Amino acid sequence: MLVVSFLLVRRTVLLRRGVPGLLLLLGLGGMPEALAQGTAQVIVSGVPPILRSPLVADQVQAYRQGRYPIQFLFTQPSAAPQAFRFRFVLEKDGQVLAETTSEPTSFLPGVYTYRTLRDEPAVRFADRIEDLYDQLPPDLRDAVRQTGALPEGLYTLTLEPLAEDNPLITTLPATVVFSVQYAQPPLLFTPADGA
Numbered sequence: 024m025l026v027v028s029f030l031l032v033r034r035t036v037l038l039r040r041g042v043p044g045l046l047l048l049l050g051l052g053g054m055p056e057a058l059a060q061g062t063a064q065v066i067v068s069g070v071p072p073i074l075r076s077p078l079v080a081d082q083v084q085a086y087r088q089g090r091y092p093i094q095f096l097f098t099q100p101s102a103a104p105q106a107f108r109f110r111f112v113l114e115k116d117g118q119v120l121a122e123t124t125s126e127p128t129s130f131l132p133g134v135y136t137y138r139t140l141r142d143e144p145a146v147r148f149a150d151r152i153e154d155l156y157d158q159l160p161p162d163l164r165d166a167v168r169q170t171g172a173l174p175e176g177l178y179t180l181t182l183e184p185l186a187e188d189n190p191l192i193t194t195l196p197a198t199v200v201f202s203v204q205y206a207q208p209p210l211l212f213t214p215a216d217g218a
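Its first residue numbered 24, the sequence shown is counted upward by one per residue in the numbering used here.
The hints are simulated quantities; they were obtained by calculation from the structure and are not laboratory data. Heads up, a few of these hints could be off.
[Said to hold, decoys possible] So the derived label-pair ranges between C-beta atoms look like this:
1. A106 <-> E153: 23 to 29 Å
2. A206 <-> D157: 29 to 35 Å
3. T139 <-> T194: 17 to 23 Å
4. L210 <-> E122: 38 to 44 Å
5. D162 <-> S129: 37 to 43 Å
6. L195 <-> A102: 17 to 23 Å
7. A103 <-> F201: 34 to 40 Å
8. L131 <-> R164: 37 to 43 Å
9. D142 <-> A206: 32 to 38 Å
10. D162 <-> T98: 40 to 46 Å
Keep in mind it's a predicted model, so treat the numbers as computed, not measured. By construction, the Cβ of each residue, glycine as well, lies at the ideal position given by its N, Cα and C atoms.
I would like the entire structure built from these sequences, with the hints used as guidance.
Next up, the structure:
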């Protein structure tokens with residue numbers, strides 16, 4: 024009798040808990056297939072929070088020497104290649120100074136480390152540095168061309184991957200914040216006795 028009661032209780036519990044779950048699983052079988060999502064992330068490293076030199080030529084040289092390495096990480100469920108463009112934006116104190124987008128480049132899922140974006144697979148921009156100068160506000164452009172240096176301020180550099188024709192890829196941009204600061208001029212103190 025005890026065994027029969029136990030089995031009846033177990034059957035009732037299974038019916039209350041198991042049947043709705045089973046029906047839910049069977050019902051999901053008729054739903055459309057979920058599409059898998061990929062991710063693409065850019066990481067830029069090596070840029071100090073305060074630039075050692077404000078000279079544009081020094082920053083271009085540091086980039087060309089590979090001191091600011093760039094990593095591109097791309098994952099997706101399939102092994103098919105995916106084309107990406109890269110959007111470069113430079114801001115100063117919240118104002119966009121220059122912006123450009125690369126030509127499409129095809130990538131297989133994986134991790135790509137660049138000393139410069141000329142490494143393979145190369146990321147090519149139609150704009151040259153001179154074209155980016157032309158995007159600067161006139162007063163800033165003239166100052167940079169005359170002195171060769173970036174003015175003091177807080178800068179933000181963003182490098183964002185843009186998946187071509189695939190809205191299912193989540194992209195994570197690299198954002199680098201750095202500042203340009205000049206040394207303060209020395210303070211002159213007169214002798215205490217006024218001489």
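Do the hints match the structure? See the list:
no.: 1; hint: A106 <-> E153: 23 to 29 Å; result: holds, 27 Å
no.: 2; hint: A206 <-> D157: 29 to 35 Å; result: holds, 30 Å
no.: 3; hint: T139 <-> T194: 17 to 23 Å; result: holds, 21 Å
no.: 4; hint: L210 <-> E122: 38 to 44 Å; result: holds, 40 Å
no.: 5; hint: D162 <-> S129: 37 to 43 Å; result: holds, 41 Å
no.: 6; hint: L195 <-> A102: 17 to 23 Å; result: holds, 21 Å
no.: 7; hint: A103 <-> F201: 34 to 40 Å; result: holds, 37 Å
no.: 8; hint: L131 <-> R164: 37 to 43 Å; result: holds, 40 Å
no.: 9; hint: D142 <-> A206: 32 to 38 Å; result: holds, 36 Å
no.: 10; hint: D162 <-> T98: 40 to 46 Å; result: holds, 44 Å
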